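> Required output: the full structure, derived from the provided sequences and hints.
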Amino acid sequence: MSYNYVVTAQKPTAVNACVTGHFTSAEDLNLLIAKNTRLEIYVVTAEGLRPVKEVGLYGKIAVMELFRPKVCVRTHPEELSLKQASSVRKYRLGLTRVGDLLLITGAALLTRCALNSQVIDVQFLYGCQAPTVCFIYQDPQGRHVKTYEVSLREKEFNKGPWKQENVEAEASMVIPVPEPFGGAIIIGQESITYHNGDKYLAIAPPTIKQSTIVCHNRVDPNGSRYLLGDMEGRLFMLLLEKEELMDGAVVLKDLHVELLGETSIAECLTYLDNGVVFVGSRLGDSQLVKLNVDSNDQGSYVAVMETFTNLGPIVDMCVVDLERQGQGQLVTCSGAFKEGSLRIIRNGIGIHEHASIDLPGIKGAVKCSSSSSRSTASVLELSRLVKHTAVSFTTHTHTTEPYCTVVVFTCVCVQITSVSVRLVTQDSKALVSEWKEPQGKNISVASCNSTQVVLAVGRVLYYLQILTGELKQISSTEMEHEVACLDITPLGESAGESSICAVGLWTDISARLLKLPCFSPLHKEMLGGEIIPRSILMTTFEGSHYLLCALGDGALFYFGLDIQTGVLSERKKVTLGTQPTVLRTFRSLSTSNVFACSDRPTVIYSSNHKLVFSNVNLKEVNYMCPLNSEGYPDSLALANNSTLTIGTIDEIQKLHIRTTVAEKEVKGAVYSMVEFNGKLLASINSTVRLYEWTAEKELRTECNHYNNIMALYLKTKGDFILVGDLMRSVLLLAYKPMEGSFEEIARDFNPNWMSAVEILDDDNFLGAENAFNLFVCQKDSAATTDEERQHLQEVGLFHLGEFVNVFSHGSLVLQNLGESSTPTQGSVLFGTVNGMIGLVTSLSESWYSLLLDLQNRLNKVIKSVGKIEHSLYPSFSLMRSGSSLKIKLIHSFLTLGSEGRQSKLFFPSLAPHCVLLSSEHLYLLVSLSLKHYICKSVGGAKPAVM
Amino acid sequence: MLSFLYARQSGLDDPVRLRRAESTRRVLSLELNHNRDVDRIHGNGINTLDIEVIDGRYMLSGGSDGIIVIYDLENNSKKPQYTCKAICTVGRSSRHVHKFSVETVQWYPHDTGMFVSSSSDKTMKVWDTETLKPAEEFQFDGNVYCHHMSPVARKHSLVAVGTKDPKVQLCDLKSGSRIHILQGHRGEILSVRWSPRYDHILATASTDIRVRIWDVRRASGSLFTLDQHNGDKSKASSEAVNTAHNGRVNGLCFTADGLHLLTTGTDDRMRLWNSGTGENTLVNYGKVVNESCKGLKFTVSRGCSPEFVFVPCGSSVAVYGLHSGELITMLRGHYNNVDCCEFHPDYQELYSGGKDCNILAWVPVLRQPGIEDDETNSKRGGTQAAINPAFEDAWSSDVD
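Quick mapping for you: the protein sequence lines, in order, are chains A and B.
Just so you know, full-length UniProt numbering puts 188 at position 188 of the first sequence, and the rest follows in order with no gaps.
Just so you know, full-length UniProt numbering puts 337 at position 337 of the second sequence, and the rest follows in order with no gaps.
The set of hints was computed from the structure by calculation and includes no laboratory data.
Keep in mind that this is a model prediction, so the values were computed, not measured.
Treat the hints with care, since some could be wrong.
[What the hints assert, rightly or not] Derived pair list, reagent style EDC-like, types lysine to aspartate or glutamate, alpha-carbon separation capped at 20 Å:
hint: 1; chain 1: B; residue 1: 79; chain 2: A; residue 2: 786
hint: 2; chain 1: A; residue 1: 290; chain 2: A; residue 2: 306
hint: 3; chain 1: B; residue 1: 78; chain 2: A; residue 2: 788
hint: 4; chain 1: B; residue 1: 79; chain 2: A; residue 2: 788
hint: 5; chain 1: A; residue 1: 159; chain 2: B; residue 2: 279
hint: 6; chain 1: B; residue 1: 79; chain 2: A; residue 2: 702
hint: 7; chain 1: B; residue 1: 79; chain 2: A; residue 2: 739
hint: 8; chain 1: A; residue 1: 209; chain 2: A; residue 2: 258
hint: 9; chain 1: B; residue 1: 355; chain 2: B; residue 2: 39
hint: 10; chain 1: A; residue 1: 338; chain 2: B; residue 2: 13
hint: 11; chain 1: B; residue 1: 79; chain 2: A; residue 2: 744
hint: 12; chain 1: B; residue 1: 78; chain 2: A; residue 2: 258
[Claimed, not checked] Interface residues of chain A toward chain B, partial, derived using beta-carbon atoms under 7 Å:
hint: 13; residue: 706
hint: 14; residue: 741
hint: 15; residue: 744
hint: 16; residue: 787
hint: 17; residue: 833
Glycine residues also receive a C-beta, built at the ideal position from the N, C-alpha and C atoms.
Right under this line is the structure:
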């Protein structure tokens, strides 16, 4: 039996709907973005969009509208209504509102209206006595516009005030126009028509004929301007020109359409404020654009302010290991039409190199601002073995004699050399104060922050305070062994002063925490082994304090740290590299990160209160320091033995590549081609055909297999071939090299319309089908009868809610990362239409039952949005029974945060349905999800590390 | 096809669209295929067919000889050519066999372990598929022409039975008793059908040329009677008010969504009704030859766009556009009158049974390698354009 675990690596990124309004409170202007099964809520601020919340739904969002129930206008902000689309949508769903009346259209409307026709679009009209809907429908004669009044008492539709038969054949949208005009605008392929019963006005501007208008949004509340977006990504403004009549009535005079410029291909548009428009795209990156009053050189009024990465639709992808580091990178074919691109997705962090200097013998790298008033102007000081060089990126270069550490402190800097600690003014470079070890011994290690210095001379620790113009020794102590590393990074709210000192010792290989200034021991942690700690660091991630301690062999211990008592907890170990590791902190996007310099440089950060280790695409880094200068904003300076490199951390790399392909004509449509035992295997319509490459350099047909309806997908493993059929699920073939023929081994007889297939192992086969499901089929080799052997048994079903286009073996995670290996085997990545990337991996039975039990219990605890039951979700399309795998909730569980988890799980009084999980289980669960979170950092709109 | 596949994988189209388009293409290319045979077991005419919906694998047939046969439709031959094997038979040697003609057979909709048959021997039998023995037997006073179980009901397990008697009987499988009688018709009941949308809605057709719609939760009379003139009294003579046809109504079929109801009558007409309002949609199918004095078992497609009706018409099966009324093709192959046909929604295959004792399988033509797509498309294109211009648009791009 095989048990599989499905996990999201990258949430859907394609935007299907967006809406602006006051949702989180009456004062907040919110932008709500629907991404298939997820809903993101943002607040629109002067600085841009600030994410508020992201929720997952057990359903796909088809249409989204904001509405405010009349009863509670004052107390409640607008509530959101979401319409779920079942997997089989018979008619286009519509959702429209007027006041507190919400209209949900679909097949039901048709029966009510007794129409044998298809409703194209439906909207409520403004300014009518009774609520009135206006809709476009299609019957065999063409498309027509009709209005109906909604009788609230009888709950029926009555004949409305006007109708217009035979509008344009491709009329697709109704835009209701608010008062004073009233009526509706009907958008077609070639024309735009205004209609309100009395007045009829049509224009056919040539600019809109090029493409089809697919979305619209009202700009002004009075309805005089509308944004229109077409399938080529062009943005138009539709203007309603008004005219005041003699009697004071305002009527429409004319319609104008103006081309504003080009954006991503829009799926939805929403006008935020101050000329800023959110362009939601399904086929390319979503954008935040500004509409300018004046056009730029290209005649465009549109300026892109921000871009939101979208990987969808992922049409194809593959995992490659370009740098041969044992770590995969995913290359996806993303986007469609003009938005088509190849994108490289890498777990880990890419450094984009801006500059590099060859400087042999670099021993350290330290940032210092040359003055506090010019905070961006930075000087980078580098210590070399013989000469001391400082490289300046602004105007001046100076050479001094620093050795160890330099710290900025309001126009004064501290230089620690092997012989002394010096306080130097920054502008004049004058020495203010100097401290030397009484016997003139050399300083071995030191650490300082803006007010304190702790240094070690052999076994003796000294604590100095930096006062104005003076260095003052406060205390000293002698340790049992020689000090190997030190840290006094201030944590918590202590504002630049640390009350704890972390020390790593030689000989007994321990990490200790000492109280400052008295050096009284708080905690002693034996690290074990014989490798000395080389770097120790205290840091805070997401409000939790940690102590990190890196050893000389590339191993890293990390602990939870209580800064009041100095007690360490939750000891964990990972291996980052093989060389001595140096830890450095840097900040990006107001989150702290740690850079571990070694032969395999790693960035450490926290996601959902778990530490995540991401590789960096550099070979070796010995020292690193953050840098923020005019020339190199938000950069990192990275040094190895010979070179200093300055670079910035990349987001997802995006490449636009055009390729040409050699053509060869084949009869029929070739749906799939794979290399197979040195031969070419192709599926041509219903045939699977094996071609041999002959000595005459021709493709010769070796054998055929005909028993398919349409063989769309092929995957191979050894001599086995898995065929995904258009509508007859999957088929397993074996190639007989001796006979030169195919043999049908087994078939899944369920009528699944396939969208992707993959071979998990010799007995298990993974498929994705039309109705957004994943399933696993199993070959029953032990079956007694021929008939049973011929049947692939469906053993697992999972409703994903996403259309999978491609499966690919591989992983984005380094397999050796982490001390405890996760209890999973193998991994298959999948990519979907909406830009989601996920992972399917195998579990043992005991793990499966544990997780299933956990899921079932979580079901009872975690409330779903919109009160849509989790159990209801798969039933949309899963009609057949079977042992189903739907471990979806576990992620919600992990995002509860450690405190939430504790309260939910360990206090039965709070949550009666909870599971009692041992901490060991919890840890394994977390590490299991690590795959998920590591991948998460890779991608999307907000990389965790910048 | 490639354009549909591209639109599906780039998310431009709902995945259902490709499915509907391909299903439609397949229905339009139905033909008698030498790759598919069905075992010939019956020695007399075949009255009724039913394919179970759970696996779509087993088919029941009932013949005028009283025999019931179960076929396995699955292809285990590992080759495209195969014969649907009869896996078991309630033959003349069985002591439980129906004495006279089997008029209707139907699988229990939720489990293949049970099926129900009714016969002119005045009985209706509930069979255990495993043992092929009746678990229950209902006796009636007259010939049983038809019965039907609701395909959607979970709350009740009522079988509606139409007999020589004008009263429609409701038999409860749970208690094994006749629990209810629906009174209103004045002639023999030739067809009964439950709505596939609501589990309490039942349609009945009778020789009194009327079709009644019932809500079985209500004790009093029918909900309404279908009126071919939509209440326009001037068009009908006084006795023809509230009639569905001008001849015996012998066939009923709901569309898959339950929104419409099709009826056939011996006036050689087929009518499409709005099943919610009872309104005649006035779709004109032309002359649908109907000489059957008993019930006529016809069917509609599922999952296509537009949908089709398959109705036995003499010795062929006529295929109409459901909403257009256009005759699309006549499937010719039987040597004698066809009495029943059944559509397989998973693979768009049609099975028909007739008086020539044959069950014929109508299978869509495969796209063979080497055969140009254009040819099939241009051939079908003409018919398509007339059905739905919107669809035709998408289709023409296929040729490119």
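> Evaluate each hint against the coordinates.
Results for each hint:
This hinted pair checks out: residue 79 (chain B) and residue 786 (chain A) have alpha carbons roughly 15 Å apart, not beyond 20 Å. The straight-line distance between the Cα atoms of residue 290 (chain A) and residue 306 (chain A) is roughly 9 Å, inside the 20 Å bound, and the hint therefore holds. Taking the CA atoms of residue 78 (chain B) and residue 788 (chain A), the gap is near 13 Å; set against the 20 Å cutoff, the hint holds. For the hint pairing residue 79 (chain B) with residue 788 (chain A), the CA-to-CA distance comes to about 17 Å; that is within 20 Å, so the pair holds.
Restraint check for residue 159 (chain A) and residue 279 (chain B): the C-alpha separation of about 18 Å stays at or below 20 Å, so the hint holds. Restraint check: the Cα-Cα separation between residue 79 (chain B) and residue 702 (chain A) comes to about 18 Å, which is no more than 20 Å; the hinted pair holds. For the hint linking residue 79 (chain B) to residue 739 (chain A), the alpha-carbon distance of about 17 Å falls within 20 Å, and the restraint holds. At most 20 Å may separate the alpha-carbon atoms for a hinted pair to count; residue 209 (chain A) and residue 258 (chain A) meet this at roughly 13 Å.
The straight-line distance between the Cα atoms of residue 355 (chain B) and residue 39 (chain B) is roughly 15 Å, inside the 20 Å bound, and the hint therefore holds. Under the criterion of a C-alpha separation no larger than 20 Å, the hint pairing residue 338 (chain A) with residue 13 (chain B) is consistent with the structure, at around 18 Å. Pair hint residue 79 (chain B) plus residue 744 (chain A) holds up; C-alpha atoms about 9 Å apart against a cutoff of 20 Å. Our distance criterion of 20 Å between C-alpha atoms is broken by residue 78 (chain B) and residue 258 (chain A), whose separation comes to about 62 Å.
Interface hint at residue 706 (chain A): satisfied, since its Cβ lies 5 Å from the closest Cβ of chain B, which is below the 7 Å cut-off. The interface hint given for residue 741 (chain A) is violated, since its Cβ lies 12 Å from the closest Cβ of chain B, which is over the 7 Å cut-off. This hint holds: residue 744 (chain A) has a C-beta 4 Å from the nearest C-beta of chain B, less than the 7 Å allowed. For the restraint placing residue 787 (chain A) at the interface with chain B, the shortest Cβ-Cβ distance is roughly 6 Å, inside the 7 Å limit, so the hint holds.
Because the closest C-beta pair between residue 833 (chain A) and chain B is about 4 Å apart, less than 7 Å, the hint holds.
Hints 12, 14, counting from the list given before, are not met by this structure.
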